[in-house]
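Trainee: Chains as they are written, first to last, in the working numbering: chain A, 10 to 391; chain B, 5 to 357.
Hints listed in this document are in silico derivations from the structure and should not be mistaken for laboratory results.
Since this is a predicted model, take the numbers as computed values, not measurements.
Glycine included, C-beta positions come from ideal geometry on N, C-alpha and C.
A few chain A residues that face chain B, going by a derived Cβ cut-off under 10 Å, partial list only:
(1) P44
(2) R200
(3) S207
(4) A233
(5) V262
(6) G263
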Amino acid sequence: MLSRLCASVAALALSVGASSAADLTIGFVTSLSGPGASIGIPYEKGILAAHAFAAKVGDVNIKLIRLDDASDPSAASRNARKLVEEEKVDVLMGTSGVPGTTAMATVGAESKTPLISLTPAPAPQHANGQWMISIPQPPPLMVAAVVDRMKKASIKKAAYIGFSDSWGDLVYDGLMKSVQGSSVEVVTNERYARADTSVAGQVLKIVASQPDAVITGGSGTPGALPYIALQQRGFKGGLYGTHALINPDFVRVGGAAVEGVICPTGPVIVAEQLPDSNVTKKVSLAFRDAYQKANNAPTTDAFSAYAFDGWLVMLDAAKRALAKAQPGTAEFREAFKDAMLATKEVVGTHGVYNYKPGNVYGVDDRARVLVKLEQGKWKLIE
Amino acid sequence: MTPEIALLLAQDGITTGAIYVLVALGLVLIFLVTRVIFVPFGDVVGYSALTLAALQLKQMPGTVWLVLTLAALATAIETVALIRRGELRLLPKALLTYAALPVLCAGLVWLAAGRELPMWLAVALTLLIVMPISPLIYRIAFQPLADASVLVLLIVSVAVHFAASGMALIFFGPEGFRTEPMTSAFFNLGSIGISGQSLLIVASSAVFSLLLFLMFERTYTGKALRATAVNRVGARLVGIKPQTTGAIAFLLASGLAGVSGILIGPVATLYYDSGFLIGLKAFVGAIIGGLVSYPATAIGALLVGLLESYAAFWDSAFKEVLVFGALIPVLIWQSFMSSGSVEEEIEEEEGDA
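So that you can see chain B by itself, here it is in the shape it has in the complex (with noise of 0.2 Å):
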């Protein structure tokens, strides 16, 4: 290996790896406010780049009826569970949360579809209608069985996800899609050259960790979503209510899928299907930084993109083995330092109940 190819690779794993840190830090926060290891987060970024590619495409994206579907299903549960409660004053906000928002989302979309749309203008319809889907799926799945134990919520977060994948086969098809380049510069940097595109990525990736860094350390919201992070029980003493929280959280994340999707969309094919593996790159990167910390999870999900990156030079059969395999040491290391967070976990559990 020369280190002119070195760098080559080094720069591709680098452009993988930050779409990598979006999805991670995306299921890092859903996990901390709810508890729920969201397995069809991949999923989502496959809407996101799919849903772009059929704007583009001049054909009605497929994401319309599921955010239709989706919003229906969501608005008969929160009726029933509002009528059973016999708090019906709180229907009217129900109604627009769950009907009227995301049904004028997917309207938005669907009267823009079939034209030819500029690129910041099909971006920012893509962001609009795959925004929704995340809360909507809470509302359905997991916002029942909030106080659920970690296992449940992962197990329902599979079913859930072979839903996701099942209904956007329909949705979309079977075949893979590739949406137009957002830049065609190149930059010459010496011997190596470097494409706008992976640029964007790196930048988009930098700009919205920050993003997200900021709003937990100056906004209210970010500082509800980290104490409910910290302490469910507490935070609702001080009066946070969880399910708000996690409502803000699915949502939050469901725009980095969508930044994330957008930007992925140009350097692959991507299928009804391929978001999954995507997703479970991301979780091994939220694993190395032990699905809490936010800088870690970064650092984990650039290593994981530079790991296979390499990997595929050096062995390319053996890539997705040596990826999914890195999670061995790091899980040996995790269980040698963290021996006392599992007991706190127990507690915590025994207390809620």
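In isolation and in its complexed conformation, chain A is listed as follows (with noise of 0.2 Å):
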């Protein structure tokens, strides 16, 4: 008796592995909590709804394992480690930060386990070869925009001021890298913090430079002290940012001193402004419906959007590895990063997505529009 009860239970242990071992398994992380959870939170809600958008990829069901990573990269990396040891992944996809998401390539390089960053990280060296893709825009395309901008509205000077990590580095740099032999020199590169409590120092420092515009490397809620010290000290010229400005906190603090603000960022943003004649409109709309229903809220940030996009990636990617192997196997997983690195016109809310080998980003002058805050409203520019 006991013997056959075992056999069953056995038996039943086994075709419960058996029918999830034919699930997509994808492991999510992302900072639920820590300095980075407001970025962090969004892009749970976007992956909520890519998941509410698509559970399928053909008939094979999409299993997504979501964990948090406290805005940790050492954590990231335990996360990506436990999704590759214990839940056999067969993709991953995060998290909110650059350096966690670094932390997580490493882990997916060495497992042989493709990774969709969903930061503009870089993708790291390894004798393994490329296992990584980012979504969204490196910031140098974004910034050209915004220098472009700067030229026709012939400014000679333009002064820096960003974060003191890495997010204020790749701006600074991409600003460099974009006003090298044009007209607009840089005249300074001032750094503050996240939690300062004034950038007062600073912004004398800029407006005794006397520059035609200020650019601003910061993200969020912080990006707007810059601003608020700017108008403080009277300063009337132009007011340029990033797409990581993009979100409606940023509008409720920075009130009357960010009004006029131009910034590049995803279409998405102001995917009901574009002519129907741009490609991304009709999955932004997509993925609106998707969100609303998925978190019972309107969306009104972009990050939300990478992680839909990521999605969008993965099921293209899915579909066509899935054709040479079982999910769950390591030929799945090397059919997957061969299908993700030859990834052709995916569309997706952000851009269109192109992947090579050697290439980790994929997305062209299609992923950026110019957008200036009007009465507290993003409007298209260009």
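Combine both chains into one complex, guided by the hints.
Mentor: Below is the structure:
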């Protein structure tokens, strides 16, 4: 009797194992707590919308496992390892911070698990080759659009102030590359920390160098601080920013001081203002519906849309990889990687994605538009 | 650097420094009376600013739930402690202190939230809801180990900080807030202008420091606090309850944190976790005062504000490094000056045991 029971339990376990083995498993990591939570939480909402939008590739179910890394790169790395070793995921996605993503990428390359990065992180050099792609627009692409706009506005001297972290560096480097050989000169490189209470000193230095315009390398609500200080000093020049400022709380905190700021962004932010001929418009509106259904609130940020685009790229690559191998196997992960690195013209909400080996970023000029803040609303300007 | 810029930087530095003064005084007050280095003190400053912001946005401040949670915990701990010691006659008083009063504060804010409130009322409600936080934390986390060593208290304090900032994330969300300025006045003094808000900050800081001084000099409560600070054993011998003085110290400090949060709200964007950095910088000021002297602490905190302001102008990327690096010479100097007091503390601890 006992042996029969054991046998049936074993059979049941086997059948459960067999049916779940056919599932495509996605391991998603984001920062739901810690200092990166204000960006990490939208990613979570975006992935929920994406899972609600499409929970199957063909007739294969997609199983989504979500983990929090508390904005800590070592926790992101631990999560990635756990997902690969215990959950046997086919694809890793995440996380909301560049350092955490870099840590995950190393685990991905080591264990030969493909990673879809949701931050503009660089891919690590690894003996196992390239196992990662990046969804968001790289900062130089976006900053170049701002510099073009500055040239049109015949700005000669631009001042820079940004975070004293890797984001501030990325924007500054992109800015320096874009102004090379142009008439725009960058006169300051001021830095501040996210938690700073005042940037009066930095802004005094900026005003003293008499620039025609200021461009900032901050993000979210802390990004409003330089504009508020500039307004207090009576600065009347042009105000520019990056796509990291596109966030309703930035507008709330900045108030009158951020009126007129010009930023580059993915087209999804102004989807309803785009002409119908724009390729991303239809997907963007579908994303808004899915987000509304999954989260019972309208989308207001750019980050959730990156998670959604990552999902679309994953669906496309998975469809081609499933023709070659079964999920849950090393062959499938290999096939998925090859498919992922051969992505062609996948239309997302932020742009159109094309990947090839040796290229981490997959977007082009179609992934950026310039917007201006007018009376608390982002208006498309070109 | 022109003299005009130097003056503007000084003005900014003094404004920031004045906020650090209040926080640093609270830290020293708590440390002297209870020997706790209260790491979550900065979080309380953040709670205060975020509560005021929520009231102004006509939302329910998360501090209401925080205070209710803390009150429930403290009441449970106190009740169990009383039952164990068989002192049930003290139960009504304990219930009044740890349950009824905090619930009353929370209830008032709960009733008022969601309406258009005049500035003074919003400020009063913010103070009312912030005041119970530190004493309740004291009852829950520190009073049970009042006789532990400074190091153990510090370790607990760090743990409480992580809990406090985690709770702030739950109750306030990840986004930053800024409160409405209390005054839009602006004064032109020659070539530089001074905002009314900066003057208000410096004046409030001075007034509250003075009030604290008067309380220590002129009231029995103040003298009891000082007695506990000088010698805990001696204070107990003359009938001062260290538990009560501890609770009073935390209550007063909580008030100071409330005031500094209200003052800093309009000049800085505050997040659920930004109080920590304010607390840390105030702590640098308190260290300059050797964690014993209130006037030296006030001067130290002002110096930190000034140093921060000038460092931001000279080399903004190294601002934090300069501010926290300033601790090194101060610590070296203090270790030369006060080699005796370490032995004293060891003796005292042996005596306690």
